[in-house]
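Engineer: Working from the sequences, and respecting the hints, build out all of it.
4 protein chains.
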Amino acid sequence: MAFGLLKQKKGIIFGALDENSIAWHVAERAHAEGAQIVLTNAPVALRMGEIQDLAKRINAELIPADATSEEDLNALLEQSMEIFGGKIDFILHSIGMSLNVRKKRDYTDIKYEWMAKTFDISAISFHKLMQGAYKMDAMNEWGSILALSYIAAQRTFPDYSEMAESKSLLESFARSFGYHWAKKNNVRVNTISQSPTMTTAGSGVKGFQEFFNYSDKMSPLGNASAETCAAYCVSMFSDLTKMVTMQNLYHDGGFSNMGMSPDVLDM
Amino acid sequence: MAFGLLKQKKGIIFGALDENSIAWHVAERAHAEGAQIVLTNAPVALRMGEIQDLAKRINAELIPADATSEEDLNALLEQSMEIFGGKIDFILHSIGMSLNVRKKRDYTDIKYEWMAKTFDISAISFHKLMQGAYKMDAMNEWGSILALSYIAAQRTFPDYSEMAESKSLLESFARSFGYHWAKKNNVRVNTISQSPTMTTAGSGVKGFQEFFNYSDKMSPLGNASAETCAAYCVSMFSDLTKMVTMQNLYHDGGFSNMGMSPDVLDM
Amino acid sequence: MAFGLLKQKKGIIFGALDENSIAWHVAERAHAEGAQIVLTNAPVALRMGEIQDLAKRINAELIPADATSEEDLNALLEQSMEIFGGKIDFILHSIGMSLNVRKKRDYTDIKYEWMAKTFDISAISFHKLMQGAYKMDAMNEWGSILALSYIAAQRTFPDYSEMAESKSLLESFARSFGYHWAKKNNVRVNTISQSPTMTTAGSGVKGFQEFFNYSDKMSPLGNASAETCAAYCVSMFSDLTKMVTMQNLYHDGGFSNMGMSPDVLDM
Amino acid sequence: MAFGLLKQKKGIIFGALDENSIAWHVAERAHAEGAQIVLTNAPVALRMGEIQDLAKRINAELIPADATSEEDLNALLEQSMEIFGGKIDFILHSIGMSLNVRKKRDYTDIKYEWMAKTFDISAISFHKLMQGAYKMDAMNEWGSILALSYIAAQRTFPDYSEMAESKSLLESFARSFGYHWAKKNNVRVNTISQSPTMTTAGSGVKGFQEFFNYSDKMSPLGNASAETCAAYCVSMFSDLTKMVTMQNLYHDGGFSNMGMSPDVLDM
Chain C
0 MAFGLLKQKK
10 GIIFGALDEN
20 SIAWHVAERA
30 HAEGAQIVLT
40 NAPVALRMGE
50 IQDLAKRINA
60 ELIPADATSE
70 EDLNALLEQS
80 MEIFGGKIDF
90 ILHSIGMSLN
100 VRKKRDYTDI
110 KYEWMAKTFD
120 ISAISFHKLM
130 QGAYKMDAMN
140 EWGSILALSY
150 IAAQRTFPDY
160 SEMAESKSLL
170 ESFARSFGYH
180 WAKKNNVRVN
190 TISQSPTMTT
200 AGSGVKGFQE
210 FFNYSDKMSP
220 LGNASAETCA
230 AYCVSMFSDL
240 TKMVTMQNLY
250 HDGGFSNMGM
260 SPDVLDM
Chain H
0 MAFGLLKQKK
10 GIIFGALDEN
20 SIAWHVAERA
30 HAEGAQIVLT
40 NAPVALRMGE
50 IQDLAKRINA
60 ELIPADATSE
70 EDLNALLEQS
80 MEIFGGKIDF
90 ILHSIGMSLN
100 VRKKRDYTDI
110 KYEWMAKTFD
120 ISAISFHKLM
130 QGAYKMDAMN
140 EWGSILALSY
150 IAAQRTFPDY
160 SEMAESKSLL
170 ESFARSFGYH
180 WAKKNNVRVN
190 TISQSPTMTT
200 AGSGVKGFQE
210 FFNYSDKMSP
220 LGNASAETCA
230 AYCVSMFSDL
240 TKMVTMQNLY
250 HDGGFSNMGM
260 SPDVLDM
Chain A
0 MAFGLLKQKK
10 GIIFGALDEN
20 SIAWHVAERA
30 HAEGAQIVLT
40 NAPVALRMGE
50 IQDLAKRINA
60 ELIPADATSE
70 EDLNALLEQS
80 MEIFGGKIDF
90 ILHSIGMSLN
100 VRKKRDYTDI
110 KYEWMAKTFD
120 ISAISFHKLM
130 QGAYKMDAMN
140 EWGSILALSY
150 IAAQRTFPDY
160 SEMAESKSLL
170 ESFARSFGYH
180 WAKKNNVRVN
190 TISQSPTMTT
200 AGSGVKGFQE
210 FFNYSDKMSP
220 LGNASAETCA
230 AYCVSMFSDL
240 TKMVTMQNLY
250 HDGGFSNMGM
260 SPDVLDM
Chain U
0 MAFGLLKQKK
10 GIIFGALDEN
20 SIAWHVAERA
30 HAEGAQIVLT
40 NAPVALRMGE
50 IQDLAKRINA
60 ELIPADATSE
70 EDLNALLEQS
80 MEIFGGKIDF
90 ILHSIGMSLN
100 VRKKRDYTDI
110 KYEWMAKTFD
120 ISAISFHKLM
130 QGAYKMDAMN
140 EWGSILALSY
150 IAAQRTFPDY
160 SEMAESKSLL
170 ESFARSFGYH
180 WAKKNNVRVN
190 TISQSPTMTT
200 AGSGVKGFQE
210 FFNYSDKMSP
220 LGNASAETCA
230 AYCVSMFSDL
240 TKMVTMQNLY
250 HDGGFSNMGM
260 SPDVLDM
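Residue numbers (numbering that gives the first Met the number 0), protein chains in the order written: chain C, 0 to 266; chain H, 0 to 266; chain A, 0 to 266; chain U, 0 to 266.
Each hint should be verified, as a subset may be incorrect.
The list makes no distinction among identical chains, and a pair is therefore deemed to hold if it is satisfied within one copy or across any two copies.
As the list claims (entries may be wrong) - Heads up, simulated DSSO-like pairs for lysine-lysine below, C-alpha to C-alpha not over 27 Å straight-line:
id, residue 1, residue 2
1, Lys102, Lys116
2, Lys116, Lys55
3, Lys134, Lys103
4, Lys86, Lys116
5, Lys86, Lys183
6, Lys86, Lys134
7, Lys116, Lys134
8, Lys6, Lys182
9, Lys55, Lys110
10, Lys110, Lys182
11, Lys116, Lys103
12, Lys55, Lys102
13, Lys55, Lys183
14, Lys103, Lys6
15, Lys182, Lys216
16, Lys110, Lys216
17, Lys86, Lys103
18, Lys103, Lys182
19, Lys86, Lys6
20, Lys183, Lys110
21, Lys55, Lys216
22, Lys110, Lys6
Simulated from the structure, these hints should not be mistaken for lab results.
Structural biologist: So this is what it looks like as structure tokens:
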């Protein structure tokens, strides 16, 4: 069911890879709500092909961009504005990857070049994107910029390793740049802190299934799915939330405010 | 502009007094979004008459209830279900009043009978309402219960006095009961922590105008209005936010995450 | 081992019942650190006799007071100042009791007269105590007022029931009154949010042992004991912490910032 | 006045530059409390000479180390253990520097190589230090690792620029590594979030004096000085705080929990 919440709005969505991606669902739902979309991902991700089908289906342009490259990001913003025939109303940043996790280096045995790359991909890309858009005045008045985060930014999940710091950085960028965007032209910047989600990336992490189940038991409503997250993202892009900014918003079935669940004790 | 977000949904709205009330705007917007509404307020508030005009305009029933009386609350819930021909989808609790503030007792010279009454009206009423609805199984699956709060629950605003504690209580009730509602039938419970608002109640508090201006300067987007708050409440009642529960959500133009604003230093 | 941290300091300690009480350990440690102590508890608690032995051993006066009675609290403050030959340097509030829990009423079936009494004993007593001391100017410059809390003030532990709200209230009183005390004469007010502790009161709660074990596993350093809590309280009474005020300080082996512990998953 | 709180304890202190440095005061106070100290700073800082006088006065060794160099940090740890004749009991990390701020680049015009360097100096150095110490098993059981932070990690102070992100990173490292240290040998890791302090570094930042005054007015006890911060650091190194870990502790005269101060409105 759709409501026309994003009619006449135009947005860029980062990070759709396949139908397990949250960004994939956001793109579909945003389209259903009337938005015009530009999809983007790293060149290597685009070669997989699935996202091309999505692009066709939702009538979106697909622009490859390395999110760590200011040049690529600026080109993406410019091309998007050309396609849209005007400025941008919303952006979703849904990018994260840890080299040390992927290469199975423990948190107590970090390789710092990899950590730098992890931060660059997962968090600094968000600042680069906002700085590019800020400089070229690319956002419409009352636009909405959103990034996906995780509660590891506040609490320790040992297996999440340096992604904890990536998310702390990401949320800090949202707060800091949120001030400047508000002052510039009433654009808001927020992060959504989403339940663990069975994405292709997430499900590869060590012990993910056990952790997913734990989180599901701990959350009174259960883990939030990618579909419900897409609906929440749409609410954040819509005019229903114009005065919400610099916030980290938990979309997690209540996990973040549970101290202990009887269901976990019973496990 | 409306989207039909609350079509076929039925809700009870507490606390509409006059056109400055947030609850007033929520009622109007919820009606515009397709909801069927029951309005309620204390018998003395209903005598003022303005709310009767609102009720007519949005085709709502108006049921007087003393929010501190379990009996009144239970009768309200029962009558509402009769009117709706079924269970309830959403509830807004927008009630608050401090006897010690009203009677100009300092926070260091509290009269404790008045404090007890303040808590009863401003916070315990929320538990009584939820407990009544819980016992009579009055909420539809995936329903949404919402109360309006203020950041004094987290930080000290000396003039706010015992309302700080009232809001701390209120938010705690939302978290605690949120667990039970989720487990019962996936109902969510949240609070919105709203900017200071020029309501008839608020504007009577000592130094309110100065404080309102300070908050406006400190908030990068400025203070959030009652109208924008109504839109945000509607998003919380709608199916866009089904997995958000036990949260306190700042609707405040960014105030809550500002440490210092250059605009305030320039004042 | 003691350091003389509280030499020449005088303090009142509420809530010592028997050797399992945190307050008991605080009294012993404060005495060892050179403080002069007045012990107080409800008249009924004093009849148990154990606290009388403690009082003798640490050379403390023992003054019965009903913590819900302004009259009793004022008498206690006056008598203490007489005994001390001057004002008070520190106070520990370690009081909490839930009638609904004790009488096995569910959180969704609260009896509100009992809830009011619970709040009065567990939280409002803290305001009454501070208000009494404020009015009679009973605290020395740079004094320290402390109350014991629990993380249920922030997160939901279903079995903790209305004590969650009691602790939210308690912490809010600490923040609010902390402002006024700082302005008056640089007195600080804080709460310590302590691990679940095997006190005589705590261990009687439903499922406490299981919960204690869960918390112990979730906390990287394990649950904090009453003895270590006493040491921490002493640091808060000492001149090492003069500029810490209006804070809630977790003394919990790291529990509060853990999202998930592998040890819990392995349970 | 000293209490012998750190008798037989040995610690490394980073970041003492001159008598305005917090680390300088921590070194003096830790020495007065009976600790044996190794002082360290960047080679360029040591050339200034003042720290050499401090080292002599408190009978400390002075070891230059570039905090971004794993090699230097490891050499420092090894030499310190040789000097101490055993493992380390406490470490203070008091390092921070923003290249973009120093070179007057706006937050919306960041140069990313500089940001990377800023993070490396101000935050990643903390991880490198802990990782080095972890691998060589350099900390004694129940040791204490501490870093100095600022509330910009939670809230936006526009002039603080990328140091906000540096502090977010720093605090996240404390939480994440705190878990591993607790599990390894009960070492605790915390950050102290200190009032703005008139250090030689701090006072050079744009508009610092105005901001310092604002913070002082907003804090009910006023801004915390370097001397009082040193006393608080000592409490965190001492055995009074053994079960406090993974925390960010505000030492700020109450600033962090103030929403609005009448003193600021009166400014």
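Engineer: Between Lys86 and Lys183, at a C-alpha cutoff of 27 Å, which is it: within one copy, between copies, both, or neither?
Structural biologist: within (14 Å within a copy, 46 Å between copies)
Engineer: How would you label the pair Lys86, Lys6 (within, between, both, or neither) given a Cα cut-off of 27 Å?
Structural biologist: within (15 Å within a copy, 32 Å between copies)
Engineer: Checking an output row: Lys110 and Lys6, CA cutoff 27 Å. Within, between, both or neither?
Structural biologist: Neither: 46 Å inside a copy, 37 Å across copies.
Engineer: Could you figure out if Lys116 and Lys134 sit no more than 27 Å apart (CA to CA) within one copy, between two copies, both or neither?
Structural biologist: Result: close both inside a copy and across copies, 24 Å intra and 23 Å inter.
Engineer: Is it within, between, both or neither when you check Lys116 against Lys103 at 27 Å Cα-Cα?
Structural biologist: So Lys116 and Lys103 pass the 27 Å test inside a copy (15 Å) and across (26 Å) alike.
Engineer: How would you classify Lys110 and Lys216 at a CA-CA limit of 27 Å: within, between, both, or neither?
Structural biologist: neither (34 Å within a copy, 30 Å between copies)
Engineer: Indicate which option fits the pair Lys103, Lys6 if close means a Cα-Cα distance not exceeding 27 Å: within, between, both or neither.
Structural biologist: neither (45 Å within a copy, 41 Å between copies)
Engineer: For the identical chains here, do Lys183 and Lys110 meet the 27 Å Cα criterion within one copy, between copies, both, or neither?
Structural biologist: Classified as between; 20 Å across copies, 39 Å inside a copy.
Engineer: Have a look at Lys102 and Lys116 and pick one of within, between, both or neither, based on CA distance no larger than 27 Å.
Structural biologist: This pair counts as both: shortest intra-copy Cα distance 13 Å, inter-copy 24 Å.
Engineer: If the cutoff is 27 Å on CA atoms, where do Lys86 and Lys116 land: within, between, both or neither? Let me know, please.
Structural biologist: neither (30 Å within a copy, 33 Å between copies)
Engineer: From the Cα coordinates, with 27 Å as the cut-off, is the pair Lys86 and Lys103 best called within, between, both, or neither?
Structural biologist: neither (42 Å within a copy, 29 Å between copies)
Engineer: For Lys55 vs Lys216, is the C-alpha pair at or below 27 Å within one copy, between two copies, both, or neither?
Structural biologist: Close neither inside one copy (38 Å) nor across copies (46 Å); limit 27 Å.
Hints 2, 4, 9, 12, 13, 14, 16, 17, 21 and 22, counting from the list given before, are not met by this structure.
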